[in-house]
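Enquirer: Spelled out, the chains give:
2 protein chains.
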Amino acid sequence: METITIKDIARALNLSTSTVSRALRNSYEINNETKKLVLEYAEKMNYRPNPIALSLRDSKSKSIGVIIPEIANNFFSQLINGIESIAYNMGYHVVIFQSHESYEREVANTNYLVSRKVDGLLVSLSSLTRDLTHFEELLDKGMPIVFIDRVPKNIDTHKIVVDNFFGSYQATEHLIKTGRRRIAHLTSPFYLSITMERLAGYRQALEDNGIPFDESYVKYCHHGGMMLTENETAVQELLNLPEPPDAIFTASDRLTTSCMSVLIQKNVKIPEEMALVGFTNTSVAELFNPPLTTVVQPAIDMGHQATELLIRLIEHPKKPTIFETRSLQTSLIIRDSTVEKSVNA
Amino acid sequence: METITIKDIARALNLSTSTVSRALRNSYEINNETKKLVLEYAEKMNYRPNPIALSLRDSKSKSIGVIIPEIANNFFSQLINGIESIAYNMGYHVVIFQSHESYEREVANTNYLVSRKVDGLLVSLSSLTRDLTHFEELLDKGMPIVFIDRVPKNIDTHKIVVDNFFGSYQATEHLIKTGRRRIAHLTSPFYLSITMERLAGYRQALEDNGIPFDESYVKYCHHGGMMLTENETAVQELLNLPEPPDAIFTASDRLTTSCMSVLIQKNVKIPEEMALVGFTNTSVAELFNPPLTTVVQPAIDMGHQATELLIRLIEHPKKPTIFETRSLQTSLIIRDSTVEKSVNA
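So the sequence lines, in the order shown, correspond to chains F and D. Note that the first sequence ends on residue 345 in UniProt numbering; no numbers are left out. Note that the second sequence ends on residue 345 in UniProt numbering; no numbers are left out.
Since the hints were derived computationally from the structure, they do not count as laboratory data. Note that this is a predicted model, so its numbers are computed, not measured. It cannot be assumed that every hint is accurate.
One copy or two, it doesn't matter: identical chains are merged, so the pair holds either way.
As the list claims (entries may be wrong) - Below, simulated DSSO-like cross-link-like pairs (lysine-lysine); rule was C-alpha separation at most 30 Å, straight line: (1) K141 x K7; (2) K153 x K269; (3) K141 x K177; (4) K269 x K7; (5) K36 x K117; (6) K7 x K44; (7) K341 x K269; (8) K117 x K141; (9) K36 x K153; (10) K7 x K35; (11) K266 x K341.
Generate coordinates for the entire structure from the input sequences, incorporating the hints supplied.
Expert: Next comes the structure, spelled out in structure tokens:
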């Protein structure tokens with residue numbers, strides 16, 4: 001689609017560009033007849049204001065900062081696409097930063113974004129962030145922040161999460177229904193909101209099905225999957241247990257692929273010897289050997305909703321009395337990595 | 001690792017923070033003895049200046065803008081990690097933007113980054129960019145720009161590329177050596193530098209092995225892989241040829257995974273009926289069914305080198321008389337998707 005500019009409108013209507021520009025921003029210097037002419041033509045031609053021009057006009061920078069742990073993670077890259085599609089349509093730029101699961105970098109990114117005068121922040125916490133002062137101070141100063149997915153419990157602002165408990169419950173129950181009894185859980189640091197919720201769902205599903213919870217089947221990877229050796233050690237420890245698991249439920253993207261790699265290296269047959277379910281938005285789950293059963297988060301929709309809430313905070317600066325925490329549903333997509341045990345036994 | 005701040009140094013040496021700060025930046029207001037004390041202590045404690053503080057002190061913003069087509073592409077996400085590791089160590093922030101393979105967005109991103117006063121740009125062109133005025137104007141104004149991977153032929157600045165010709169030649173020759181004769185090539189728009197070079201390597205390998213080049217075996221996807229239906233149609237057209245190919249060499253990340261998806265859907269057996277080599281940095285090639293033979297680009301090293309060149313341009317603003325184009329080598333990683341034909345026949 002061709003983009004129509006102010007110049008094009010001016011040429012078509014035989015007006016100066018400055019007249020068109022002032023008419024579009026409803027300036028008192030332009031008479032109503034001209035305004036009507038310009039606005040109708042602009043609408044007909046599907047004119048979209050240029051975000052740069054907008055930002056020069058307003059005092060706002062018309063930009064949103066995004067701080068996420070890692071872009072090379074399918075959930076986060078899809079989330080960013082959701083954020084960008086709404087932001088772009090509403091005339092905002094999106095500035096992306098990675099924390100690389102480091103608290104120090106998260107703080108540095110936050111400070112930089114504030115120094116560059118972004119209008120608001122969308123944040124998913126790094127797995128090593130326990131002190132939240134850098135965000136609390138900003139909120140106190142009136143900076144709009146919306147948290148996504150990995151959210152702080154004790155900060156009062158809008159949050160977009162998924163129903164991690166249910167997603168995890170459903171995955172674990174599926175493993176039980178397909179005949180697994182020794183179900184391990186490979187997850188991120190215990191203090192992350194998503195870890196606690198996913199662990200609780202896993203535990204509840206076990207207990208509801210008469211399987212006692214066994215702490216030795218739970219492995220925490222403190223770098224959230226970023227350190228391959230840590231992930232590999234965790235999987236190896238599970239394989240070395242006196243009664244090794246017959247299924248592993250992995251709680252994130254990288255944990256899932258690392259786990260699958262180790263199982264393949266060790267010639268552990270999936271799903272015959274070990275079923276596998278991953279909490280991952282990988283776009284290539286069906287290309288895997290075997291195709292992988294996944295718990296998928298509505299990442300694009302989460303990006304949309306978080307961005308809409310953030311822009312609402314930016315454009316209506318009166319502090320809302322109630323902040324929302326929206327919890328979206330995950331989907332369990334069943335593939336061959338969890339085929340019924342009896343079929344293979 | 002704990003970060004030591006100016007405050008910590010001041011406390012330890014019983015000086016004011018402003019004295020420490022001025023000593024660290026070698027101010028004439030501070031005597032040499034104090035300077036020595038502060039510098040030695042800072043070195044001992046591994047003090048690293050905070051990029052924010054640096055940017056407030058210098059007139060520079062201490063930030064680098066990166067414009068790439070898409071972060072959800074393994075090559076680009078690895079490239080960004082290479083960029084960030086050097087930039088961070090040299091005290092620069094990295095601001096990431098996606099063009100989504102759109103010329104319009106690439107121009108908008110460029111304008112925004114310039115309006116936010118970044119010190120330089122690292123760019124990989126969108127697949128729909130043919131007009132380069134937005135970059136030419138910036139270079140004329142003295143903005144340092146280094147292009148990576150998808151580079152413009154007629155702009156004179158530093159460029160980091162890979163030897164696409166050789167990478168492509170090697171992949172095609174490997175397919176010929178494993179017994180394939182009807183080798184198709186699925187690629188991006190013909191006018192991109194990487195497309196032309198990869199096509200030339202493919203063509204040369206065919207001709208050097210006595211296989212005539214056949215245009216009907218080459219499919220161009222004008223959205224560079226972003227439009228799944230376009231990729232799928234291209235693969236389907238290859239399968240519908242009177243003499244369908246016995247191998248497909250795909251020229252990018254998404255083209256590779258789309259192609260593999262279609263082949264699986266259509267029950268085309270890989271590698272028995274169709275061998276597959278992908279020009280992709282996917283981190284999960286060995287998890288695929290079958291594990292995928294890939295041509296891998298040294299993405300992290302490309303990021304390192306491009307960032308070093310850019311920071312040199314930023315910090316030594318005298319225009320160099322000669323710009324470099326560095327060409328790095330790709331690696332062919334052979335996996336089961338190209339197992340010898342005779343073994344399977």
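Enquirer: It remains to establish, for every hint, whether it holds in the given structure.
Expert: Right, here's what the structure says about each hint:
1. Proximity of K141 and K7 under a CA criterion of 30 Å is satisfied inter-copy only: 23 Å between copies versus 40 Å inside one chain copy.
2. For the identical chains of this complex, K153 and K269 are neighbours neither inside a copy (40 Å) nor across copies (50 Å), given an alpha-carbon limit of 30 Å.
3. Taking CA atoms no more than 30 Å apart as the test, K141 paired with K177 passes in neither setting, with 51 Å inside one copy and 66 Å between copies.
4. For the identical chains of this complex, K269 and K7 are neighbours neither inside a copy (64 Å) nor across copies (55 Å), given an alpha-carbon limit of 30 Å.
5. For a Cα distance limit of 30 Å, the shortest separation of K36 from K117 qualifies neither inside one copy, at 35 Å, nor across copies, at 36 Å.
6. Within a single copy, K7 and K44 get their C-alpha atoms as close as 15 Å, which meets the 30 Å cut-off; across copies the closest is 60 Å, which misses it.
7. Taking the shortest Cα distances, K341 and K269 sit within 30 Å of each other both inside one copy (12 Å) and across copies (26 Å).
8. For the identical chains of this complex, K117 and K141 are neighbours both inside a copy (13 Å) and across copies (25 Å), given an alpha-carbon limit of 30 Å.
9. Proximity of K36 and K153 under a CA criterion of 30 Å is satisfied in neither setting, with 50 Å inside one chain copy and 46 Å between copies.
10. For the identical chains of this complex, K7 and K35 are intra-copy neighbours only, at 16 Å inside a copy versus 57 Å across copies, given an alpha-carbon limit of 30 Å.
11. With identical chains, the CA atoms of K266 and K341 are at most 30 Å apart both within one copy (20 Å) and between copies (28 Å).
Hint compliance for this structure: hints 2, 3, 4, 5, 9 are broken, all remaining hints hold.
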